[in-house]
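Chain H: place on chain G using the hints.
Here the protein sequences line up with chains G and H, keeping their order.
When we follow the numbering used here, the leftmost residue of the first sequence carries the number 2, and every step to the right adds one.
When we follow the numbering used here, the leftmost residue of the second sequence carries the number 25, and every step to the right adds one.
Just so you know, the hints here were simulated from the structure itself, not pulled from any lab data.
The beta-carbon is built from N, C-alpha and C at its ideal position, and this holds for glycine as well.
Among the hints, a few may not be true.
[What the hints assert, rightly or not] The calculated lysine-lysine pairs, modelled on BS3-like cross-linking and capped at a C-alpha distance of 30 Å, are: (1) G:K749 / H:K35; (2) G:K737 / G:K263; (3) G:K749 / H:K47; (4) G:K201 / H:K97; (5) G:K749 / G:K640.
[Said to hold, decoys possible] Computed list of chain H residues with no C-beta within reach of chain G, every gap over 12 Å: (6) T51; (7) E61; (8) K70; (9) P71; (10) D72.
[Stated by the list, open to error] Some chain G residues well away from chain H (every beta-carbon gap over 10 Å; in silico): (11) A39; (12) D150; (13) S178; (14) I442; (15) N748.
As a plain string of letters, each chain reads:
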Amino acid sequence: MKKSTLNLDKDYLLKLYGDNVIASITNKKGIITFVTKAYEIISGYSADELIGKPHNIVRHPDMPSLVFKEMWDTISSGKTWVGEVLNLKKDGGYYWVNSIITPYKDKNNNIIGYSSVREDITATKELQKLNMQVYNMLDNLDEGFLIFDENFKIQKGYSKKCLEILHQDTLEGKDISEVLFQNDIEKKEIFDYGYSEILKTDDELSKELLISILPTEHNNEKNIFTIKYKFLPNKTSLLLLFDVTRERELEKSIKYEQQMQKMIIAIAKHKKETSELIKSFNSFIKSINKKSDLYEIKKELHTFKGMFAQFEMLYITDTIHNIESEIKKNNLEKNFLIIFIKSNLEISLQEDLTIIADILGKDFLSFVDTVTIERKVIDSIRTKVKSILDLEINNKIIFDDLLNEIDSFDDKYVIDMLKIYRTTVQSISNSIKKEMYPLEIIGDKKLLISKDFKYFIDSLVHIFRNAIVHGIEFPDIRESLDKDRKGKIICKYELVDKNIIISISDDGKGINENDIIIKAIDLGVINNIDINKLSNQDILQFIFLPEFTTTKELNKIAGRGVGLSCVKDELEKLNGKVELINKKDKGLTFVFTIPYLKTRKNISVQSRATSFMSIFTKVTKHFLENDIKVKVNSIKDKKVSNFNRFYSCLKFTNEDLEIVFIVSIDKELINKILDIFISEIDCEDEREEMFESLPNEIVNIIGGLSIRDFPQRYENLNMSEPIILDENILCSFQSKHTTLINEIETNKGNFECTIIIIKED
Amino acid sequence: MASAIVVDDAKVMRVSIIRQLEKLGHTIISEASNGYEAVEEYKKHKPDFVTMDISMPNVNGIANGIDALVKIKEFDSNANVIMVTSHGEEKLVIDAISKGSKGYILKPITQDKISTILKKISL
Numbered sequence: 002m003k004k005s006t007l008n009l010d011k012d013y014l015l016k017l018y019g020d021n022v023i024a025s026i027t028n029k030k031g032i033i034t035f036v037t038k039a040y041e042i043i044s045g046y047s048a049d050e051l052i053g054k055p056h057n058i059v060r061h062p063d064m065p066s067l068v069f070k071e072m073w074d075t076i077s078s079g080k081t082w083v084g085e086v087l088n089l090k091k092d093g094g095y096y097w098v099n100s101i102i103t104p105y106k107d108k109n110n111n112i113i114g115y116s117s118v119r120e121d122i123t124a125t126k127e128l129q130k131l132n133m134q135v136y137n138m139l140d141n142l143d144e145g146f147l148i149f150d151e152n153f154k155i156q157k158g159y160s161k162k163c164l165e166i167l168h169q170d171t172l173e174g175k176d177i178s179e180v181l182f183q184n185d186i187e188k189k190e191i192f193d194y195g196y197s198e199i200l201k202t203d204d205e206l207s208k209e210l211l212i213s214i215l216p217t218e219h220n221n222e223k224n225i226f227t228i229k230y231k232f233l234p235n236k237t238s239l240l241l242l243f244d245v246t247r248e249r250e251l252e253k254s255i256k257y258e259q260q261m262q263k264m265i266i267a268i269a270k271h272k273k274e275t276s277e278l279i280k281s282f283n284s285f286i287k288s289i290n291k292k293s294d295l296y297e298i299k300k301e302l303h304t305f306k307g308m309f310a311q312f313e314m315l316y317i318t319d320t321i322h323n324i325e326s327e328i329k330k331n332n333l334e335k336n337f338l339i340i341f342i343k344s345n346l347e348i349s350l351q352e353d354l355t356i357i358a359d360i361l362g363k364d365f366l367s368f369v370d371t372v373t374i375e376r377k378v379i380d381s382i383r384t385k386v387k388s389i390l391d392l393e394i395n396n397k398i399i400f401d402d403l404l405n406e407i408d409s410f411d412d413k414y415v416i417d418m419l420k421i422y423r424t425t426v427q428s429i430s431n432s433i434k435k436e437m438y439p440l441e442i443i444g445d446k447k448l449l450i451s452k453d454f455k456y457f458i459d460s461l462v463h464i465f466r467n468a469i470v471h472g473i474e475f476p477d478i479r480e481s482l483d484k485d486r487k488g489k490i491i492c493k494y495e496l497v498d499k500n501i502i503i504s505i506s507d508d509g510k511g512i513n514e515n516d517i518i519i520k521a522i523d524l525g526v527i528n529n530i531d532i533n534k535l536s537n538q539d540i541l542q543f544i545f546l547p548e549f550t551t552t553k554e555l556n557k558i559a560g561r562g563v564g565l566s567c568v569k570d571e572l573e574k575l576n577g578k579v580e581l582i583n584k585k586d587k588g589l590t591f592v593f594t595i596p597y598l599k600t601r602k603n604i605s606v607q608s609r610a611t612s613f614m615s616i617f618t619k620v621t622k623h624f625l626e627n628d629i630k631v632k633v634n635s636i637k638d639k640k641v642s643n644f645n646r647f648y649s650c651l652k653f654t655n656e657d658l659e660i661v662f663i664v665s666i667d668k669e670l671i672n673k674i675l676d677i678f679i680s681e682i683d684c685e686d687e688r689e690e691m692f693e694s695l696p697n698e699i700v701n702i703i704g705g706l707s708i709r710d711f712p713q714r715y716e717n718l719n720m721s722e723p724i725i726l727d728e729n730i731l732c733s734f735q736s737k738h739t740t741l742i743n744e745i746e747t748n749k750g751n752f753e754c755t756i757i758i759i760k761e762d
Numbered sequence: 025m026a027s028a029i030v031v032d033d034a035k036v037m038r039v040s041i042i043r044q045l046e047k048l049g050h051t052i053i054s055e056a057s058n059g060y061e062a063v064e065e066y067k068k069h070k071p072d073f074v075t076m077d078i079s080m081p082n083v084n085g086i087a088n089g090i091d092a093l094v095k096i097k098e099f100d101s102n103a104n105v106i107m108v109t110s111h112g113e114e115k116l117v118i119d120a121i122s123k124g125s126k127g128y129i130l131k132p133i134t135q136d137k138i139s140t141i142l143k144k145i146s147l
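Chain G on its own, in the form it takes in the complex (with noise of 0.2 Å):
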């Protein structure tokens, strides 16, 4: 009973062993003897096609052949061979194995021939490629995937570009918000809190919103790129990541280019003092290993930075900023400290002293303006003086004249002033591969003027940069059309009656007029109706506005409008006027005439506060325009705020400075904000009640808007709740501090805002 049934069995595993087990018998040479029915059907060959004929019937071409060379090295030498094999079906088709083939031997133990086993791998290698391609797909998309768990932990399996971007060599299993944001605790916690916060909820809602407040972009100081968060099963969760760090720089340079606009135009109209700082902070770099007191270096450090800031120098200045930050974290020790110092600050100055060179030519800063007295000046002095011990002290007129005579000390030959010009315009035109003659100046070797046209005139480099790159043709251009091949630039100065008149001409290709209209109606300036009214003068004094340019490449050294607008900030301090007189392929000649008298003005401070106030007046009649939908008239200065209206403020605050903020608005005005805030109020007593807090909102929503605007190195700026000040309190600062006032008038009444610089950087 037992026999028979272990012979069924037997035969039944011989049927069970041929139809599932691929396997095949050869002969010492490869000779195929046996296959078994698995064989017939994995290979499309019958058995009768297949005995007789050498192993290699089903050999796929793509298998290399040193694979075959080192299977039968190891047979043939009495060895097991174990491999996966690709192999060729009879109809073209392949499939995958994985093979056993072990030497068949006789009793004498020599190799008679080979038995293979072979396991069908077709479906696993099939899926290993389908894997390969999704990793090479994702591997080469330029946005990075990552799987990490409900641990934070980061699954294996993510795209190359993940290693990129977080600057990492592997990262299976590390903490996804350590590797995320290391750098930065306040999103690391916002992330920490935020996602522990959506593993614990079902609610696909309550998922949405967290997801909504968790980091979206990041700056891991190697690169700058956004987040997408997408939930997968089992509380894992997909991160993709996108490099934006080109972006970023890129709206970085521009923001840069600005920057350095900025400082070209500070330093030029500041030239003396500029020279005298760089002059004493090379003492102080110098002489920075005898100080004993880390406490004064730091000290006088902090002073320098704020002085830098002031030119807009921006190298040294964020140099500075970042070796306090870095003597705030780690607490260095005085000697590393000054080493550190050294070696980072004679750099950054020199970085920025190489740009101011290649600008406004390399001797611009070692300039120093000298100031000549005449015998006869003070010997009119003298005389004067001389009255006023005769006469009673308080004299007034004497007085007055005597200051007037004694600030003539400061006054200046123009001719000096203007020299300097000669070297600019020849660096200039060397930088850009243009031909020019020497800048001729024509005018009364003797003629002086104030001290006050200083600025005024050093603002002219934009003229004169101006006059060269746009105006100025390249030689050979110049030389097609029938001109010499160099340009020359004329600087004419005389006194007419009670007006000084400079004028600077170009032999260049003019102003194109159309490019000016096409552009201010471009920025919105003016309409295609108002075109039409306007005169060809009133056109070309377009090219003042700020950010106002008819080229349309960015170049170091092209003067865009803000340029333009600085010289005519300049003039408008001294009441001046210009002129153009464009000549299409003749060239550009500015006119300016100014009044011959003097105006003083604490620069620095007023210069700072006109910044800010700028960018204040800017938002607020952006809000007025848009949000309220009043018309603006006019924008004017003010010296007295006037505080019989409704007013709130607010602080903005840091270390070095204190700056506060009020706006008072007419009632009428107020009406109508609150029309648009809350529509159709019908009960005049809630009405009234409102407009107490009203203020607080709109300077709440101003201030907001315009610290956007600030300079990047106001963004630390702390911006206070607005608070309720005495308007004798805000009086006495406004008698004692640099205060500035802007009423903007509009068609439903006055919008005044005021800015008092209590603490300065």
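Leaving out everything else, chain H in the frame of chain G:
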């Protein structure tokens, strides 16, 4: 359309939100200027939803909008409370959502923002 309570310590903001909700067709059944009042008013009226300023003065131990949210949720676990918030308050918002707030609106408030969030919670 739904009934609502508007909570904000600044009257202007309150009225502004009320007007916008009214334009969307909702009925404002009450308003409150601090968290304490908000809880009291909620218990009285049981509105369909509440807009809650996240930072408000402490009244009777209810320190801010989140405290009020928690009290309201204790009373009615299905309450729809939408937080009104500004930049820099991310952690407070996460806190509020994990404590059951159904959404948040970033100031300045616009009709679009309100209607988007209300649609999400099917109101």
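Results for each hint:
| no. | hint | verdict |
| --- | --- | --- |
| 1 | G:K749 / H:K35 | 24 Å, holds |
| 2 | G:K737 / G:K263 | 29 Å, holds |
| 3 | G:K749 / H:K47 | 26 Å, holds |
| 4 | G:K201 / H:K97 | 18 Å, holds |
| 5 | G:K749 / G:K640 | 22 Å, holds |
| 6 | T51 | 16 Å, holds |
| 7 | E61 | 17 Å, holds |
| 8 | K70 | 21 Å, holds |
| 9 | P71 | 19 Å, holds |
| 10 | D72 | 16 Å, holds |
| 11 | A39 | 59 Å, holds |
| 12 | D150 | 20 Å, holds |
| 13 | S178 | 14 Å, holds |
| 14 | I442 | 55 Å, holds |
| 15 | N748 | 23 Å, holds |
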